[in-house]
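Number of protein chains: 2
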Amino acid sequence: MTATGETTTAGNAGIEVPDGYAPHTAQSLPAYLAGIPDVVARLGGFSSDWTVEEVGDGNLNLVFIVRGPTGGLAVKQALPYVRLVGESWPLPLSRAHYEHMALDIQARHAPGLVPEIVHYDAGLALIAMDYLHPHIIMRKGMIDTIEYPGFADAISTFMAKTLFFTSDLAMSAADKKAMIGAFSGNTALCKITEDLIFTEPYRVAENNRWTEPYLDDVAAEFRDDDDLKVAISRLKMKFMGSAEALLHGDLHTGSMMVTPEDTKVIDPEFAFVGPMGFDAGAVIANLLLNYFSQDGHEKTVGDRAAYREWVLAAIEAVWTEFERKFLGLWRDHSSGDGYPASLFETPSGRIRLEVERRAYMDRLFQDTLGFCAAKMIRRILGLAHNIDLEWIEDPRRRAGCELRALRMARMLMVNTSDFRSVTAVTAAARTFRDRVDVP
Amino acid sequence: MTATGETTTAGNAGIEVPDGYAPHTAQSLPAYLAGIPDVVARLGGFSSDWTVEEVGDGNLNLVFIVRGPTGGLAVKQALPYVRLVGESWPLPLSRAHYEHMALDIQARHAPGLVPEIVHYDAGLALIAMDYLHPHIIMRKGMIDTIEYPGFADAISTFMAKTLFFTSDLAMSAADKKAMIGAFSGNTALCKITEDLIFTEPYRVAENNRWTEPYLDDVAAEFRDDDDLKVAISRLKMKFMGSAEALLHGDLHTGSMMVTPEDTKVIDPEFAFVGPMGFDAGAVIANLLLNYFSQDGHEKTVGDRAAYREWVLAAIEAVWTEFERKFLGLWRDHSSGDGYPASLFETPSGRIRLEVERRAYMDRLFQDTLGFCAAKMIRRILGLAHNIDLEWIEDPRRRAGCELRALRMARMLMVNTSDFRSVTAVTAAARTFRDRVDVP
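Chains as they are written, first to last, in this note's numbering: chain A, 203 to 641; chain B, 203 to 641.
Isolated chain A (complex conformation) (with noise of 0.2 Å):
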């Protein structure tokens, strides 16, 4: 099946594609991209003076810049399979339907923090955007500890007004399972997500690696760890059965292109309506995960000490703005069928709504934590790693700081409840690195 319904017609390999699909080059591109008048107008002049580069690094998709006279664009192209494998692991190209879909969403709710949509060609399941320059990967700026000072105001604004304005606090109940079941189809993406965070670490699986032979004891011991496997089978449920919200799905910092200045999230096709502490706990896992790198970086003792704080602190400025503008856009705009303002309008009432209203935070901030969890073991013992830790060359120090983290969030997804506060958990991140014992 076909993103939009269309007609399909078999490919090679057996992969099913839409008539009139074709992978674009960077030879064949410029001719189709000069019949798009909104292109056109970007990058000015002709086609003949354009520029293209293929820059595709992520797994799944094609990406070409284009420059042009006037200005420059990111073409991002589905593939009908997982660039990073090959053929053999088949992906729909409907994907690049729920990026689109995810991205004008986000746009709406969160102006200026995702790239502009220039053009959308479902058929070839292509979008044209921004072009963004002088942004880089935050994940290696942030290996270059590269400070971001408007980090935690950008993605936790992004986070607040995507969550919020897509969650039963601000939509009618109509309109929200409408959007579940416009992004109901996108289950393949998710499937990934369930099976390479919630399933395949916590077994044994050909996808798996890890830093042997250094981790090979503790990853056999996470196989075996039955509390921490019912742990990973609750979250697992949550994300399965729990529509809260549209979600971005995939927001760790190799989603997001920043500069000092400015941070733009990209990349939105695992979209669906979930749980809304899959992205919250990203972010910090994400941040998390760098932390603990950092000492596999450092070229003299200590000599990064400066950079972990500033992550540790970007951590807690995550939460407690993420958690202080969720509520500002609650108390503002509850226009939704979730806690009907009508139910709350005595003195007594507006209080309690505001102590139920931290509560639900509480609530949030737990489900952020398992999630946070799951999301760094995954990046350890799983298939897809960070290069946060990757580019650690030597392996046994890189295992260090992987173990180092498998401990914390293994602490963390087991015994959420007893975090109960953002500072416990960066003062977690601190003794679980000053105290556990590396190879």
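One or more hints might be untrue.
Copies of the same chain are indistinguishable here, so a pair counts whether it falls within one copy or spans any two.
[Unchecked claim] Listed below are the simulated DSSO-like cross-link pairs for lysine-lysine, each with C-alpha atoms no more than 30 Å apart in a straight line: (1) K501 with K440; (2) K527 with K501; (3) K393 with K440; (4) K342 with K527; (5) K527 with K440; (6) K393 with K501.
Derived by calculation from the structure, the hints in this document are not laboratory data.
Given chain A, put chain B in place with the hints provided.
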């Protein structure tokens, strides 16, 4: 919009109906049915031999009983408005589409416990099904103190099978999301629940009614009860955001056609993918309401004591059997993406999973009690009441029964976690009946 997305045309009173839709009458129905071979085979003879009786005593639809020489049929047709209220309260015909889909799924998972569909006409929003004879509406039988020895077994099987097999424990995430999408348009029926159960009884609303003047004070007290309003709002959020399994959605004793030997569940037009506890809570709530109503029907003090105990025993059996059967299905048919068996294959893993299954049922029990309480309160302070209580003629006596039920429901909803077993619930029912002073 129509159920099936067909072209629509404005009908009377601005209500849109699809081309070709018209409500049948007892006069028009035989000629229509005579054109349907399956119907003719069931009824026998010629249409001139058939008798038609309109018996719809529900709130929403037309219901005809058609009898022929060799058999009978119940023919249910949706109207584009709420029958009880009239054209001023439009309600989409699509509910017949969702009812048909739900009946089909229920029949597959719980064969013999729902009426067989003989004919479905989407354009007419009409379903022809088994005429259940000599079944009566269970609620009426319970008012007449008829014991139903097969009931607890049947309804617990219905719930265990329909809920388990449509959950993430039995389905793949992709199939489940497709099911969620398929039912995501049944928003008008969900909204009735959201408004009438989860909102209006807790504020001043035109639809509300109660036994005046005796319950004026408690109705006002509930409208001012901030803890209760937070509790009902949490339940409403769960109703809107928790996509655990395909629910019947209106599983009260008026949706059950029974004989002492047989139980059939009818009328799943409120079906959607929601929290399992909503169905289980509806069953227990309606049994508890009947329990509290029996005092109002006694001719001499204590003449219904034995039936009251039968009702409490039924409550215990319903939950105990539901739990036992659900756990059994989980152990034997765990084919879904939730709690993957491959994570729990060691001896200790199997033990840990079994402990988690019990914990899962405990969490489901807590949900069940919250929804149970919500269902009790709405039947006493909201729009739609139960004949168990309504048929108590003396309003003062009726109010006494209702007050006990309200007090118990409030306790259940606000202090849910203090009730850890179904016997704690039945014991509380006895206590509230014994000790609440009545008007």
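Hint check results:
no.: 1; hint: K501 with K440; in the structure: neither (42 Å within a copy, 51 Å between copies)
no.: 2; hint: K527 with K501; in the structure: neither (39 Å within a copy, 61 Å between copies)
no.: 3; hint: K393 with K440; in the structure: both (14 Å within a copy, 24 Å between copies)
no.: 4; hint: K342 with K527; in the structure: within (28 Å within a copy, 53 Å between copies)
no.: 5; hint: K527 with K440; in the structure: both (24 Å within a copy, 23 Å between copies)
no.: 6; hint: K393 with K501; in the structure: neither (40 Å within a copy, 62 Å between copies)
The structure shown violates the earlier hints numbered 1, 2, 6.
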